[in-house]
Each structure stands twice: as structure tokens, then as C-alpha cells.
Amino acid sequence: MNDIIVSDVSYQVKDKIILNNISFTVTKGESFALLGENGSGKSTLIDVILNDLKPSKGYIKFFEKSKACFDKVGIVYDQLPLFSMLRVFEIIKYFTTIRKLEFENIKKKYFEIFEINKIQKSFIKELSQGEKKRVGILLALIHNPDLLILDEPFANLDPTITERLWKIIRNENRTIFFTTHNWKEAEKLAVKIAFIYKGKVLFEPQSPQSILNSLPALKIINFPKNENIIKLLTNYQYYLHDENINVFFNEDSKLLKDISQFTNNFSVQEVDLKDAYLFNINNYKA
Amino acid sequence: MIKIIVKSIYYQLLISLRIKQAVFFTVAFPIFLFVIFGSIWGAQHDGYVSFLLSGIIGMTIASDGLFAIGPVIKEYYSNGLIKYLRKLPFNILLHFIGLIISRIISLIFIVLLLCVAAYLMFGYIVTSLEILNFIIGVFVGLFVFSFLGLVVTFSGIKQGADKGIINLIYFVILFTSNAFYPVGEFNKLIGYIGNILPLNQILSILRGDGVNYLLGIWTLIPMLLFAFLFKKVKFKR
Numbered sequence: 001m002n003d004i005i006v007s008d009v010s011y012q013v014k015d016k017i018i019l020n021n022i023s024f025t026v027t028k029g030e031s032f033a034l035l036g037e038n039g040s041g042k043s044t045l046i047d048v049i050l051n052d053l054k055p056s057k058g059y060i061k062f063f064e065k066s067k068a069c070f071d072k073v074g075i076v077y078d079q080l081p082l083f084s085m086l087r088v089f090e091i092i093k094y095f096t097t098i099r100k101l102e103f104e105n106i107k108k109k110y111f112e113i114f115e116i117n118k119i120q121k122s123f124i125k126e127l128s129q130g131e132k133k134r135v136g137i138l139l140a141l142i143h144n145p146d147l148l149i150l151d152e153p154f155a156n157l158d159p160t161i162t163e164r165l166w167k168i169i170r171n172e173n174r175t176i177f178f179t180t181h182n183w184k185e186a187e188k189l190a191v192k193i194a195f196i197y198k199g200k201v202l203f204e205p206q207s208p209q210s211i212l213n214s215l216p217a218l219k220i221i222n223f224p225k226n227e228n229i230i231k232l233l234t235n236y237q238y239y240l241h242d243e244n245i246n247v248f249f250n251e252d253s254k255l256l257k258d259i260s261q262f263t264n265n266f267s268v269q270e271v272d273l274k275d276a277y278l279f280n281i282n283n284y285k286a
Numbered sequence: 001m002i003k004i005i006v007k008s009i010y011y012q013l014l015i016s017l018r019i020k021q022a023v024f025f026t027v028a029f030p031i032f033l034f035v036i037f038g039s040i041w042g043a044q045h046d047g048y049v050s051f052l053l054s055g056i057i058g059m060t061i062a063s064d065g066l067f068a069i070g071p072v073i074k075e076y077y078s079n080g081l082i083k084y085l086r087k088l089p090f091n092i093l094l095h096f097i098g099l100i101i102s103r104i105i106s107l108i109f110i111v112l113l114l115c116v117a118a119y120l121m122f123g124y125i126v127t128s129l130e131i132l133n134f135i136i137g138v139f140v141g142l143f144v145f146s147f148l149g150l151v152v153t154f155s156g157i158k159q160g161a162d163k164g165i166i167n168l169i170y171f172v173i174l175f176t177s178n179a180f181y182p183v184g185e186f187n188k189l190i191g192y193i194g195n196i197l198p199l200n201q202i203l204s205i206l207r208g209d210g211v212n213y214l215l216g217i218w219t220l221i222p223m224l225l226f227a228f229l230f231k232k233v234k235f236k237r
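Those protein sequences? They're chains Z and B, same order as listed.
Position 143 of the first sequence, counting from 1, maps to 143 under my numbering, and the rest follow consecutively.
Position 188 of the second sequence, counting from 1, maps to 188 under my numbering, and the rest follow consecutively.
What the hints contain is simulated information worked out from the structure, not anything from laboratory work.
Heads up, the beta-carbon is just placed ideally off N, CA and C, and yes, glycines get one too.
Keep in mind that the hints are not guaranteed to be accurate.
[Stated by the list, open to error] Below 25 Å or equal to it, Euclidean Cα-Cα: the simulated PhoX-like pairs (lysine-lysine) are:
no.	chain 1	residue 1	chain 2	residue 2
1	B	K87	B	K163
2	B	K87	Z	K107
3	Z	K57	B	K231
4	B	K163	Z	K100
5	Z	K16	B	K87
[To be verified] Listed below are several chain B residues computed to face chain Z (Cβ distance under 7 Å; list not exhaustive):
no.	residue
6	K7
7	I15
8	A28
9	S78
10	F90
11	F180
12	I221
13	A227
14	F228
15	K231
16	K232
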């Protein structure tokens with residue numbers, strides 16, 4: 001069963017193509033992360049998926065049905081737009097009334113885990129970004145949805161609470177589609193990842209491990225751009241980012257020795273999703 | 001459904017009570033004006049307290065309609081609250097109905113406060129027919145001025161600037177109207193302008209002077225204009 005089907009979706013404003021022929025599916029129980037740099041089209045895609053923007057082409061289906069129904073969907077937008085002059089518990093009460101739930105049950109089930117007790121009497125306008133995020137995630141969860149769509153859910157959250165919340169979010173084999181700027185977090189939490197760049201999904205979404213395995217090597221050496229060293233890299237795959245060179249290499253190669261003849265200012269790291277993204281967009285640009 | 005409307009009314013009232021500026025302009029300011037103007041001219045002119053009472057009520061309706069509905073709904077759109085609420089399993093109109101009913105309740109409460117003030121300060125007893133006229137005026141006036149406010153806020157004017165324009169409209173309407181005194185007796189041109197603008201039409205209802213065709217125009221045109229503008233609304237990302 002596919003909980004989300006994105007089929008051939010494009011979104012255009014005048015002549016500017018913001019999303020370009022995007023297709024993928026999110027299957028039941030999957031946690032799917034959409035990763036991309038700022039302005040790559042992540043939030044626009046979320047808006048199109050959530051029916052807030054009408055795609056110029058293509059369609060979205062939820063639970064394989066053509067008509068969008070959000071009854072079983074929980075949503076966290078990047079910014080939490082709520083009534084700033086209401087207190088946290090008042091907002092939660094209002095939402096429980098709308099969703100025909102018992103406030104006391106929600107209080108018992110979630111207030112402690114989400115650390116709401118301390119802030120329940122605070123006005124929304126007084127909350128920090130992290131506290132607003134916690135309230136937003138709680139409001140998305142109270143009706144126990146089958147599918148969660150989360151735009152930057154853990155931004156501004158303490159890592160210790162992120163882990164705790166993720167456990168609750170993942171409960172009951174829930175399907176999760178989320179965007180994040182935190183690549184490490186995505187690597188840890190998602191079972192499938194899609195990279196988006198300039199409104200296009202770079203390749204078929206796959207698991208973080210298979211993305212990393214598809215890279216030329218599992219280690220990377222990073223150093224400031226140097227034309228002399230670039231001449232040595234004919235047999236290596238690399239990408240340029242922020243005036244730095246990032247070369248994929250195996251530990252047995254003699255690259256380290258060669259580079260150390262020119263500079264001592266280098267570091268060696270395990271590859272991660274960010275390397276995979278930047279390597280792929282460099283190839284894309286080329 | 002009823003439960004949601006009741007909660008929506010309750011929270012909207014709570015929100016407005018927590019905004020000190022709103023409380024001042026909707027409760028304290030009208031009573032203050034009524035007492036001051038009534039004390040200065042009420043004793044000398046027979047019937048002035050009754051005239052002023054309906055005038056102050058008209059002014060409050062205009063202010064509430066223009067400032068408390070259009071800009072609030074526009075803000076819902078611009079901060080993304082509407083798209084958030086649209087994902088909830090309820091008709092979003094219930095939330096707006098709650099907002100409007102909360103304004104009606106608040107206005108009726110102010111009408112009652114003003115009636116009590118009229119009695120306590122000037123010994124003026126408001127008749128049941130006057131109260132009926134006031135209530136009809138609240139409904140019609142809130143309708144007319146809300147749509148006027150909505151038209152200005154949704155007309156594409158930058159947020160922030162729209163409040164300035166609404167202020168300008170409000171003061172032009174107020175000071176050309178017969179809210180505090182019959183303007184036409186001092187200046188015919190201003191009186192003529194005031195008679196075309198909507199507040200005098202609402203004052204006619206509040207004073208039991210009936211309605212004329214201009215009220216129909218002020219009821220229809222802003223509503224149609226808003227319906228046209230609303231189709232063009234795009235969600236903020």
C-alpha cells in the first residue's frame with residue numbers, strides 16, 4: 001500500500017520552474033526523508049503534497065485515493081501558525097474539541113513526554129522555537145494519524161528530546177514523510193531518502209546505506225582548493241564545495257602522501273549523506 | 001458542530017480580552033467619549049443623550065467591523081493559519097462564524113454597558129424599541145463594515161499599510177457622519193458626503209429612522225468585491 005503517491009508533479013510560477021517532473025511513492029510504515037539545500041523546492045513540494053498549492057502538472061494521491069483527505073494525516077509545518085494570544089493548553093483543548101477527543105486523555109498520554117506541563121500555561125507568543133515545535137508535533141499526533149507529514153520537525157529541538165519524540169512518532173508502524181536540514185538525523189531516522197535539487201529529484205529514492213554505497217569510496221579527504229593538488233586527482237573522483245576540495249579515496253591509496261607534500265591542512269572523514277548530495281549535484285551541474 | 005462554535009466563540013473572546021488595545025478601543029473608549037460628550041452637551045440639548053448614545057454605538061460598530069474581522073482574517077491567511085486549519089476535520093467556516101459571533105456578543109455587551117452608563121450618568125432610560133434598533137444596527141453594521149475591512153485588507157495592499165488605510169477610512173467615515181452631532185447643520189458639503197458613506201445609514205437604523213437604498217449598495221458592493229478578491233488569494237509559503 002502506498003500512503004503517498006507523487007506522480008510527475010511540476011510546479012511553475014510564470015516562467016520559473018520550481019518543481020520539475022517529480023515522482024516517488026512513500027509506502028506504508030516507511031520513514032521517508034526529503035533532503036535538499038535551501039531553495040531546492042522542499043517546502044514547495046510539501047505545499048503541493050498538502051494541497052496548499054496546485055501543481056501545474058501531475059497529481060498526488062493519499063492512501064491510493066484521488067481525493068485528498070487529511071483525517072488520517074498529521075501535519076507539522078515549518079512555521080507553527082497558531083493563535084499567539086492563547087495559552088498552550090487552550091490551543092490543545094480547541095484542537096481536541098475539533099478532533100472530538102478528550103483533553104484529559106491527551107494530557108495524560110502526551111504532556112509529560114512532550115514536556116508540555118512546564119509550558120502549558122504559557123502564551124504561544126512566549127514560546128521558544130523549540131517549544132513551538134513540540135506543541136506542533138503534539139497537535140499533529142493527538143488523533144493518532146496513519147501518516148505524518150513533517151516539514152523540518154526537529155529544527156531547534158534538543159537532541160535528547162528529538163530521540164524521545166521520534167520513538168513516539170514512529171509508534172504503531174506509522175508512515176512518515178519529512179524534510180530536514182540535519183543530514184545526520186536523516187541518515188539515522190529515514191529508511192528511504194530522496195535528494196531534491198533545483199526542483200528535481202536527483203535519483204530514485206533509496207536507503208541511506210545504498211546511497212552511501214553508491215559513492216566512489218567510503219572515505220573522503222577535505223582540503224582548501226589548490227590547483228597543484230587538482231592536477232594529481234585525475235584518477236580520483238571529487239567535488240568542489242565552498243572553495244574546498246573533497247576527494248573520495250580508499251585508505252590504501254597513496255593520495256594522502258601526495259597531498260601532504262602540498263599541504264597539512266586537510267581532514268579525513270567517513271562519507272555521509274551530505275557528501276552524496278554534493279557529489280551528485282556537482283555531477284548534475286556538469 | 002455546536003461545541004466547536006462555542007469553543008471558537010470562547011477563545012476568540014478570550015483573545016480579544018487579552019489584547020489591551022482592543023479592550024480600550026471597544027469598551028473603555030466608547031464609554032469615556034459618551035460620558036464626556038454627554039456631560040458637556042447633554043444637559044443643554046434635549047435629546048442629545050439619546051442621539052449621542054446611538055452615535056457612540058455606531059462608532060463602535062464601525063470600528064469593530066473594520067478592525068476586528070478583516071485584518072484578523074487576512075492575518076490568518078498571511079501567517080499560514082488558514083492552511084493549517086483547513087487540514088482539520090471541520091468546516092473552517094465554523095471558526096469564522098465563531099469569530100463573527102464573538103464580535104456580536106462583544107458589541108451587544110458594549111451596547112448594554114452604554115445603556116447602563118446612560119442611566120447612571122444622565123438618568124436616561126433606554127426603551128425596548130431602542131434596544132431592538134441597537135441590536136438590528138449591530139448585525140447590519142457589523143456585516144457592512146466587516147466586508148469593507150475585508151475588501152481593504154484583501155485588496156493587495158501590503159500588510160501594515162492596510163491598517164493605515166483602514167484608519168483613514170474609519171476617521172473619514174466617522175467625522176463626516178452624524179455620530180456625535182448633525183454634521184450637515186454646520187457644513188452642507190460634509191453632511192452630504194457623510195450621508196453617502198455607510199455610517200449614517202447604520203445610524204439611521206440605530207435611531208429608528210429607517211433605511212434607504214444606499215444601505216443596500218453598501219451591503220452589496222463590498223461583499224461582491226470581497227468575493228472577487230478572495231478568489232485571487234494565494235497562500236503564503
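Going through the hints against the structure:
| no. | hint | in the structure |
| --- | --- | --- |
| 1 | K87/B / K163/B | 29 Å, violated |
| 2 | K87/B / K107/Z | 22 Å, holds |
| 3 | K57/Z / K231/B | 21 Å, holds |
| 4 | K163/B / K100/Z | 37 Å, violated |
| 5 | K16/Z / K87/B | 28 Å, violated |
| 6 | K7 | 5 Å, holds |
| 7 | I15 | 4 Å, holds |
| 8 | A28 | 19 Å, violated |
| 9 | S78 | 9 Å, violated |
| 10 | F90 | 5 Å, holds |
| 11 | F180 | 32 Å, violated |
| 12 | I221 | 30 Å, violated |
| 13 | A227 | 20 Å, violated |
| 14 | F228 | 19 Å, violated |
| 15 | K231 | 13 Å, violated |
| 16 | K232 | 14 Å, violated |
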